[in-house]
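Asks: Okay, here's what each chain looks like letter by letter:
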Amino acid sequence: MYAIAIHGGAGAVPRATLSAEREQRYRRGLEAALDGGYALLERGGSSLDAVATAVRILEDDAVFNAGHGAALTREGAAELDAAIMDGRQLRAGAVASVRHVRNPIELARRVMEKSRHVLLVGAGAEEFALEEKLTLVPNHYFRTAERLEQLEFERRGERVSDLVPPAPPTTQGTVGAVARDAAGNLAAATSTGGMTNKRPGRVGDSPIIGAGTYAKNGVCAVSATGHGEYFIRAVAAHHVCTAVEYRGLTLQQAVHELLHGILRALGGDGGLIAVDRDGQIVMEFSTEGMFRGARDARGRREIAIY
Amino acid sequence: MSRPKLPALPCLLLLAAAATRIDPAAAADARPLVIVIHGGAGVIEPARMTSAKEASYRAGLAAALDAGYAVLERGGTSLDAVTAAVRTLEDDPQFNAGRGAVLNDQGDAELDAAIMDGNGPHAGAVASVLHVKNPVELARLVMEKSPYVLLVGEGAEEFALEQGMALMPRSYFRTEAREREFEETRHLEWAPRNTGPHAETTVQHDSRGTVGAIALDRAGNLAAATSTGGLSSNKHRGRVGDTPLIGAGTYADNHSCAVSGTGQGEYFIRGVIAYDVCALVQYRHLQLAQAVHEVIHEKLRRAGGEGGVIALDPAGNLAMDFNSIGMFRGARDSRGRREIAMYRNDAKP
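Just so you know, the protein sequences line up as chains U and A, in that order. Heads up, the first sequence is in our numbering, so the first residue is 7 and it goes up one at a time. Heads up, the second sequence is in our numbering, so the first residue is 215 and it goes up one at a time.
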């Protein structure tokens with residue numbers, strides 16, 4: 007059975023402050039990505055193409071924190087991270103801290119398919135993008151009025167020391183997708199602008215294979231969103247897959263243990279989407295909400311926020 | 215429900231806890247001070263070694279091993295011990311980390327490092343820095359003085375300056391040997407092959423050495439640190455391997471084990487190798503050596519990857535294993551073990 011799940015970030019918007027109009031924007035964006043990815047699966051496409059397509063649609067949508075409309079660093083620039091993993095051969099590609107790549111997920115896929123590396127960062131990653139004939143865009147392409155406002159808001163928070171933990175998760179958005187195709191192949195993809203007002207050069211869990219993104223055929227595919235530093239230390243995505251593979255937990259149990267046991271004990275929150283070998287989807291979070299959607303060949307189709 | 219076959223385990227733990235209360239000396243003896251280091255895995259064989267070179271490598275490893283062990287012996291933390299050992303290896307131009315790191319396709323040393331405290335766990339890492347003398351120290355500052363885990367590139371160097379760290383010119387890292395290697399290999403073209411089972415087997419100069427250390431201190435805390443200049447010459451600028459990625463090349467958790475890896479980083483990333491060793495110990499209840507064997511000789515080899523790891527569990531059991539020809543390595547503990555080795559069958563004191 008083929009299936010796809012997507013997320014557009016966890017902990018994003020307190021229910022009380024989300025206007026009906028804005029909620030519609032989120033829902034429309036999630037639907038477009040979900041259906042875009044699902045359409046590929048439906049016509050026999052690979053899970054890899056499906057997750058890449060869904061994530062690209064979310065990157066292009068300004069309401070989500072990835073690509074156009076990404077959160078801004080404390081210097082007002084967008085710095086983007088993304089990863090993709092093909093569960094069939096455990097192939098993976100990722101980029102971090104790029105400033106001029108319109109669709110970081112496409113560059114991550116090129117790293118996987120056209121280079122002998124898995125992770126490229128910064129100017130070196132952009133050099134590779136040029137070698138691959140991807141067009142670079144100016145950094146202001148990513149910047150939106152809303153993100154600038156958010157940055158101003160965070161700055162007014164007068165965070166004087168780097169040691170003070172980042173503000174409550176108002177902008178943890180990250181986008182991601184996981185899928186299982188008709189042939190049973192699993193894939194995962196994640197893309198993000200990271201946290202608002204972050205220090206330039208900060209890289210979270212999204213582009214780290216095993217932390218924010220992981221896929222292994224026969225086991226599971228995971229894409230995470232949340233307070234990245236905790237997901238890195240917990241090796242979150244891989245933890246879920248090892249719990250399924252080594253201990254025989256169901257995907258639901260594994261995800262629950264990670265989010266409500268391990269991450270909670272460490273003090274981190276967030277959410278994740280995952281799909282197992284049979285196409286079972288799990289979408290769970292420890293925050294107030296998570297933008298998410300799921301669709302499968304049995305007729306399930308849902309979009310949810312809280 | 216996942217482990218019905220192990221009813222005896224809680225009893226054993228209770229007994230161990232009881233022993234601690236009754237006889238501290240016996241407990242200290244039951245859990246030794248341990249440090250294990252590596253200086254990279256690869257084509258390390260007697261045929262490629264002169265006795266002077268071999269002696270020089272052994273001396274470099276011994277200096278790092280003893281520097282780290284001295285910290286443990288005077289009651290220091292495993293975190294301080296691995297930092298001291300890795301810093302010593304970074305400063306030694308023979309090893310691929312800090313000064314003497316391999317050069318990227320621009321002719322620069324581009325450095326990555328990570329450190330992890332098994333008590334927490336806490337972690338810090340830096341990648342793609344060009345001017346930091348001891349990347350492991352910057353990784354530690356990221357862990358201790360920032361709310362982040364990983365900083366890369368210029369942002370990481372900005373943080374270094376804010377922390378009062380002096381930066382070095384790029385020329386500091388370049389050694390004659392690495393420049394020669396760079397010139398010899400720069401004309402070689404690398405085919406794209408993230409996919410094939412034999413990717414990267416044509417490395418001309420075996421300098422994927424990476425350095426690392428893991429330790430267990432008196433308080434029972436594990437720590438791991440790894441530092442590298444990355445792939446053999448001519449890596450793409452901006453390429454980051456497994457070293458600074460928590461779970462791939464570096465991992466420590468007091469509940470399972472500490473691991474530092476070296477080898478073909480791309481395979482270590484995709485297999486989440488360091489964490490996988492610890493997951494097998496914690497969740498499949500394998501002995502440390504078995505877990506390392508399964509990951510290095512089964513999984514990594516099957517994937518087509520080459521390299522090795524050093525690993526250490528909370529009881530002080532250690533493993534140093536590799537599927538490459540050799541691995542620079544050393545181990546020392548409070549039970550009198552002290553060994554330095556580099557070939558497969560070789561354990562000279």
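What the hints contain is simulated information worked out from the structure, not anything from laboratory work. Any given hint could be a false lead.
Residues from chain U shown here face chain A by an in silico Cβ test under 7 Å; the list is partial [unchecked claim]:
| no. | residue |
| --- | --- |
| 1 | Arg80 |
| 2 | Gly130 |
| 3 | Glu133 |
| 4 | Leu136 |
| 5 | Lys139 |
| 6 | Arg208 |
| 7 | Val209 |
| 8 | Ile215 |
| 9 | Gly216 |
| 10 | Thr256 |
No residue lacks a Cβ here, since even glycine has one placed at the ideal position from N, Cα and C.
Asks: All the hints need checking, so say for each whether the structure fits it.
Replies: Hint check:
| no. | hint | in the structure |
| --- | --- | --- |
| 1 | Arg80 | violated, 10 Å |
| 2 | Gly130 | holds, 2 Å |
| 3 | Glu133 | holds, 6 Å |
| 4 | Leu136 | violated, 12 Å |
| 5 | Lys139 | violated, 14 Å |
| 6 | Arg208 | holds, 5 Å |
| 7 | Val209 | holds, 4 Å |
| 8 | Ile215 | holds, 5 Å |
| 9 | Gly216 | holds, 4 Å |
| 10 | Thr256 | violated, 11 Å |
Hints 1, 4, 5, 10 from the list above are not met by this structure, while the remaining hints are.
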